[in-house]
Structure formats: structure tokens, C-alpha cells
Amino acid sequence: MAKRLVPLLNRVLVEKIVPPSKTNAGILLPEKSTKLNSGKVIAVGPGARARDRNLIPVSVKEGDTVLLPEYGGTEVKLGDNEYHLYRDDDILGTLHD
Amino acid sequence: MAKRLVPLLNRVLVEKIVPPSKTNAGILLPEKSTKLNSGKVIAVGPGARARDRNLIPVSVKEGDTVLLPEYGGTEVKLGDNEYHLYRDDDILGTLHD
Amino acid sequence: MAKRLVPLLNRVLVEKIVPPSKTNAGILLPEKSTKLNSGKVIAVGPGARARDRNLIPVSVKEGDTVLLPEYGGTEVKLGDNEYHLYRDDDILGTLHD
Amino acid sequence: MAKRLVPLLNRVLVEKIVPPSKTNAGILLPEKSTKLNSGKVIAVGPGARARDRNLIPVSVKEGDTVLLPEYGGTEVKLGDNEYHLYRDDDILGTLHD
Amino acid sequence: MAKRLVPLLNRVLVEKIVPPSKTNAGILLPEKSTKLNSGKVIAVGPGARARDRNLIPVSVKEGDTVLLPEYGGTEVKLGDNEYHLYRDDDILGTLHD
Amino acid sequence: MAKRLVPLLNRVLVEKIVPPSKTNAGILLPEKSTKLNSGKVIAVGPGARARDRNLIPVSVKEGDTVLLPEYGGTEVKLGDNEYHLYRDDDILGTLHD
Amino acid sequence: MAKRLVPLLNRVLVEKIVPPSKTNAGILLPEKSTKLNSGKVIAVGPGARARDRNLIPVSVKEGDTVLLPEYGGTEVKLGDNEYHLYRDDDILGTLHD
Chain A
1 MAKRLVPLLN
11 RVLVEKIVPP
21 SKTNAGILLP
31 EKSTKLNSGK
41 VIAVGPGARA
51 RDRNLIPVSV
61 KEGDTVLLPE
71 YGGTEVKLGD
81 NEYHLYRDDD
91 ILGTLHD
Chain B
101 MAKRLVPLLN
111 RVLVEKIVPP
121 SKTNAGILLP
131 EKSTKLNSGK
141 VIAVGPGARA
151 RDRNLIPVSV
161 KEGDTVLLPE
171 YGGTEVKLGD
181 NEYHLYRDDD
191 ILGTLHD
Chain C
201 MAKRLVPLLN
211 RVLVEKIVPP
221 SKTNAGILLP
231 EKSTKLNSGK
241 VIAVGPGARA
251 RDRNLIPVSV
261 KEGDTVLLPE
271 YGGTEVKLGD
281 NEYHLYRDDD
291 ILGTLHD
Chain D
301 MAKRLVPLLN
311 RVLVEKIVPP
321 SKTNAGILLP
331 EKSTKLNSGK
341 VIAVGPGARA
351 RDRNLIPVSV
361 KEGDTVLLPE
371 YGGTEVKLGD
381 NEYHLYRDDD
391 ILGTLHD
Chain E
401 MAKRLVPLLN
411 RVLVEKIVPP
421 SKTNAGILLP
431 EKSTKLNSGK
441 VIAVGPGARA
451 RDRNLIPVSV
461 KEGDTVLLPE
471 YGGTEVKLGD
481 NEYHLYRDDD
491 ILGTLHD
Chain F
501 MAKRLVPLLN
511 RVLVEKIVPP
521 SKTNAGILLP
531 EKSTKLNSGK
541 VIAVGPGARA
551 RDRNLIPVSV
561 KEGDTVLLPE
571 YGGTEVKLGD
581 NEYHLYRDDD
591 ILGTLHD
Chain G
601 MAKRLVPLLN
611 RVLVEKIVPP
621 SKTNAGILLP
631 EKSTKLNSGK
641 VIAVGPGARA
651 RDRNLIPVSV
661 KEGDTVLLPE
671 YGGTEVKLGD
681 NEYHLYRDDD
691 ILGTLHD
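Protein chains in written order, with the numbering used here: chain A, 1 to 97; chain B, 101 to 197; chain C, 201 to 297; chain D, 301 to 397; chain E, 401 to 497; chain F, 501 to 597; chain G, 601 to 697.
FYI, nobody ran anything at the bench for these hints, they're computed from the structure. Just to be clear, a hint being listed does not mean it is correct.
Pairwise CB distance ranges, derived in the manner of DEER restraints [as the list claims (entries may be wrong)]:
hint	chain 1	residue 1	chain 2	residue 2	range
1	C	Asn254	F	Lys516	20 to 26 Å
2	E	Lys416	G	Pro657	28 to 34 Å
3	G	Ala625	E	Tyr471	39 to 45 Å
4	A	Asn54	C	Val218	36 to 42 Å
5	A	Lys61	G	Glu670	52 to 58 Å
6	F	Glu562	B	Arg104	56 to 62 Å
7	A	Lys61	G	His696	34 to 40 Å
8	B	Asp152	F	Lys577	35 to 41 Å
9	F	Glu570	E	Asn481	35 to 41 Å
10	B	Arg104	A	Asn54	30 to 36 Å
11	G	Ser621	F	Lys577	47 to 53 Å
Glycine is no exception: its CB is placed at the ideal position from the N, C-alpha and C atoms.
If we strip away everything but chain A, and leave its shape as in the complex, we get (with noise of 0.2 Å):
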């Protein structure tokens, strides 16, 4: 069984989501529109710990779409499923409907 996974200091755990590159009715999509760094986040660390001792919140919160920075992040593999490891400080936006 897959283990679960606390982040620690201000990491986010965040599964991407892999853009479908066909639709529905089975046609190609082109890559050109497939091209957002998305992902959905699994879970949030307590947040940086700062000099004063306190701790600084995480800017994301568990079940929140991402935008993500282009390179950068540790992948990770429970289970069967892959992940990703961010800073908190290095997701760059939070993307609605």
C-alpha cells in the first residue's frame, strides 16, 4: 500500500495534471494547446520556519490548482502514482474557472 506523504517546512506536494492530448471523440489535440504546467495540490507543509521561531503559512492549500514554474521541483513515486515536490515560494499563480 502506498505510503502518504507530510511535506515538511513550506514544501507542497502536487500531482501534475497531464493535459489530454486528444479529445473525447479520439482527435489530436496540438501540442501548442496542451502547453499549461498544471497540477493539483495533495498536500502542504506547516510553512517555513522563520528566525522569530513562528512559522510562515503556505500561500496554497490542499485541493488547489497550480500553476507550475517550468524546471525545478523533486519528483517523488508513492506507490504507483508520481508526484512533485515544490517551495511553496516557487509556485507561480493558483488557476480558477
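Please arrange chains B, C, D, E, F and G on chain A, whose structure you already have, making use of the hints.
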């Protein structure tokens, strides 16, 4: 439908202003007169978080016309539109008529 | 007899968990399924000392199962056992069943 | 019509003083006597924002004649005029008659 | 006669423990079992001076057995004895029986 | 007419002292005895601005004879005179008879 | 006549102790026994200025015998004597009989 991006920390979402390459009457403009690298602010983050856990407000606001640095910024594609993300302190100034 | 190591500052002494390379029944496991770089916390330091001379407590505690970065850590040999020392903030997260 | 630029943070907009290369009477001046790299301050930002969220006032003000560093500064073209943006703390000093 | 060295700031004077290369009975020990890089603390400085002008006490004390990093430290020769100076925060931990 | 330069922040305007290469009586001095790199302080800035917005006073004052570092400093030409600008904390010490 | 140098900030003026290369009786000493790089403190600066504008006192005082790092320090020649300037925190320790 295009998603809406809410920038994190002190990031600023900018839509670049493409300078007209010819006048309304169709006369081509020399490259020299189109040099200013400017954009319109679409959305701003809540500000960088200081170590005392307060937010440092972003220097620009939605709707501002801003002067951008020649290099830098992260390209973001939302639907058919192309935007750029800048850190608040990389924006050079605001432009006014 | 092996000596006992008490880490200084925010260092964490970890015993790496060697994933089984075959099942109890003797079937070889593919390398892919053994990838997670984890360990058990054996001892933690008192925490980094802030410039205000207070200690910033370490984020993990003795007995925690932790996710380790792919690189880094200092190998330490005590008696016949091999351990690794990590800085508190290099540890990626804690693992739970 | 040229736009007006309001610098952000501790940036200073400067119009460089082009030293005359010949006297009013038309006598060419040797390069040596035209060496001083100076400019007139056109506009200043509100100041860099300290981590305590207060502004650190800029050391020069509009109208000041300033001594500029040999390198650095960002060229900005507004209408037909060419300006340079400097960080407040890159300006070497103010010049007085 | 050898001089006595009082370290400054957060420096720690250490005499390295040379592991025996053979047993008391004269049997040669394999290199592998002699790997631990440890030393005895001879003297410690008053601590690094914080910007608030207070001293941050050193984490080890005279007489401690310490685990040393593989690289670093400054060799010091006092009389016939060879010592090493380390910064307090380069020492990995204390060793106990 | 030469302009007067008022340095900004913690900058110090120095006129280098050119050591005599021969005695009053005309005897050439060996290069070795002319080595000291010193200068006279012509003007000092108000001091570097701390993040708490106060000024940190400059360590030297107008008229001081100072020992200069071998490298560094920015050459400034005002009228026919050549000066050098140094940062306050690059000046090594003051010289007294 | 040689000038007197008053160091600035946390600089320390040191006269290096040249170890005798032979005994009083004229016997040459092996290089090994002359290795200690020490000096006598001639003058100290008032201390580095903290951002809160207070001075951090220098750790050594005039007359102290100090252990110097192998590299670093700025050579200064005053009259016929050769001295070295060190930053307070580059000095390794004080030596006592």
C-alpha cells in the same frame, strides 16, 4: 474556456502591449519608434511575505500600464492569450499619458 | 562497542531504509518499485541557533520515517552500522502508512 | 505624444548630460575634458520597501545633477527622448556649481 | 615550551583521535574499522558575536568527544602537538559511550 | 569652473597623495620607500542608510589622511583634478604623524 | 618619520613575529619548529558598525599575541616597518605562555 490565474506572492501578471507596426492609414513605422517594452497589469499577487509574516504590498495594481525589463518574466498561456509573470520588483515603472 | 552520536544544531541522524530487492517468497522486484529514498530518524540535534540565541526546533523527531533528498547527507559509521546526517531543512517530508 | 514614466521602488530616471564637443565659438574640445558622466534627475521612485514595509527615501530628488557610474543603468526611450534608469544606490553623488 | 591557544569567536580547538591501527595484542586492524573522524575538544572560543552584540554560546565544551567533518579545519601546531581549529557549526555531533 | 561633488550614501571622495619621487635636494628616492597608498578626504557622504531608515555615520571625515586599499575606488575627474570615490568600509585606516 | 595608523572598523594592525631560524648559540633550527604564524597586535579599530549603528567590539586588544590565518591580511608599510591588517574575525585565537 480559459482559466483565470491568480498570481502568488509578489508576482504580477502582465499582458504585453504589442506596438503597432504601421499607422491606421497603413504606413509602416520604423522599428526604432516601437521600442518601448510595456504591458498592462492583468492581476497582482497579495505581496511577498516578510519574515515577520506580514505582506509587503505590490507596487502596481490591476489596470496599470507598466514599463517592463528587456529580459526576464515567465511566459504563461491561458486559453488563446499569452501573458507574462514578473516579480513586482522587476517592473521598472508605470507609464502615464 | 559502538559509540552513540548526538547531533549538533539542526542535524538529524538517519538510518536509511534499504528496500527489499525480492519478496519474502524470493521473487525479484523490479528496480522501479524500490525507488523511494527513505530512512528512520535515530537522533536529532537541539535545533539551529537563531541570532537571537534561541533554538529553532527541528521539524522531525526520533522514530519518524522520513523522505530524503536524492543527494546530500554525510555518511557516518558507528560500529558496524552506517548512518547519514542531514540538515533538518534538507529532509523532504515524513512518511506515514 | 510621449508618455510620462513614474519609476518604481528606488529607481531614478535620469537624462544624461551630453558634454559639448566644441565650444560656442566652434573650437573642438579634446575628449579628455568631456569625461564626466553626469545627468539630470527627471523623476524618482518612492523608495525601496524595507522588510518592515516602510519606504527608504531615495537619496536624490528631481532636478538634481548627479554623477553616474560608468556602467549600468537601463536605457528607456520615451517619445524622442532617451533616458536611463538607475537604482538609487548606484548613483555616485550630486554635482554642484 | 608550547604556548596555550585561546580560540576566538566560535572557534573550537580539537585534538584528533588517531584510531589504533592494530590491537593491543598486535593484530593489524582493517582500515574500514578505523574510519570515524573524531577528536577531543581542547578549548572553545566565547562564541560568535551576534549583530545585537551578544555572544551565541558554542555548542560543545572542553573535554567533549566530537565527530568532525571529513574536510575543513585549520591545522595548528603548538609545541610538538598538532591540533585543528573548527568553527562551532562545522562540528557534526558529540560522541558518547 | 570645476563642479563640487557631494558623495551619496557612504561614499568618500579622496584625493590621492602622490609620494615625492625625489627629495627636495633632488635625490631620487627608491620605489620601495614610496609605497604607501594614501589620500586626503575631500568630502564624505551622509552614511549608508540602514533598513530601519537611519543613517550609519561614515568612519572618516573631511581632511583626514587615509590609508587606501591597493585596488578599487572609482576615478572621478572634476575640472583639472583627479579624485577617487571609495566606500567608507573599503578605507583601511587613518594616518597620523 | 613613520606615520601612525589607526585602523578603521574591525581591522587589526599586526606585526608578524618572525621565528628565529637559529638558536642564540647559532645552531640552525629545522623549518618544522618555526611554523606557527603569529603576531603582536599593534592597534585595533573601534569595531564593525552594526546596522543598529552600535559598534561590535573587536575581540583582541593592543599587545595581544595572536594566531594568524595562513592566507589573507593586507601588507602595510609604515616607515621601515612592515605590518599586516586583518579583519577581527579572521584572527584565529590568542596565544599565551
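- Take the C-beta atom of Asn54 (chain A) and the C-beta atom of Val218 (chain C), compute their distance, and say whether it sits inside 36 to 42 Å. 38 Å, holds
- Do Glu562 (chain F) and Arg104 (chain B) keep their Cβ atoms within the hinted range of 56 to 62 Å? 60 Å, holds
- Message: Between the beta carbons of Lys416 (chain E) and Pro657 (chain G), is the distance compatible with 28 to 34 Å?
- Response: 33 Å, holds
- At the C-beta level, are Lys61 (chain A) and Glu670 (chain G) separated by a distance inside 52 to 58 Å? 53 Å, holds
- Message: Between the beta carbons of Ser621 (chain G) and Lys577 (chain F), is the distance compatible with 47 to 53 Å?
- Response: 50 Å, holds
- Query: Is it true that the C-beta distance of Asn254 (chain C) to Lys516 (chain F) lies inside 20 to 26 Å, as the hint says?
  - Reply: Cβ of Asn254 (chain C) to Cβ of Lys516 (chain F): about 48 Å, so the range 20 to 26 Å is violated.
- Message: Please check whether Glu570 (chain F) and Asn481 (chain E) have a Cβ separation lying inside 35 to 41 Å.
- Response: Holds, since Glu570 (chain F) and Asn481 (chain E) (Cβ atoms, about 38 Å apart) stay within the stated range.
- Task: Can you let me know if the beta-carbon spacing of Asp152 (chain B) and Lys577 (chain F) is within 35 to 41 Å?
- Result: 46 Å, violated
- Query: Taking the beta carbons of Lys61 (chain A) and His696 (chain G), is their distance inside 34 to 40 Å?
  - Reply: 60 Å, violated
- Message: If I claimed the Cβ atoms of Arg104 (chain B) and Asn54 (chain A) lie 30 to 36 Å apart, would that claim hold in this structure?
- Response: 32 Å, holds
- Query: Has the hinted range 39 to 45 Å been met by the Cβ atoms of Ala625 (chain G) and Tyr471 (chain E)?
  - Reply: 42 Å, holds
Hints 1, 7, 8 from the list above are not met by this structure, while the remaining hints are.
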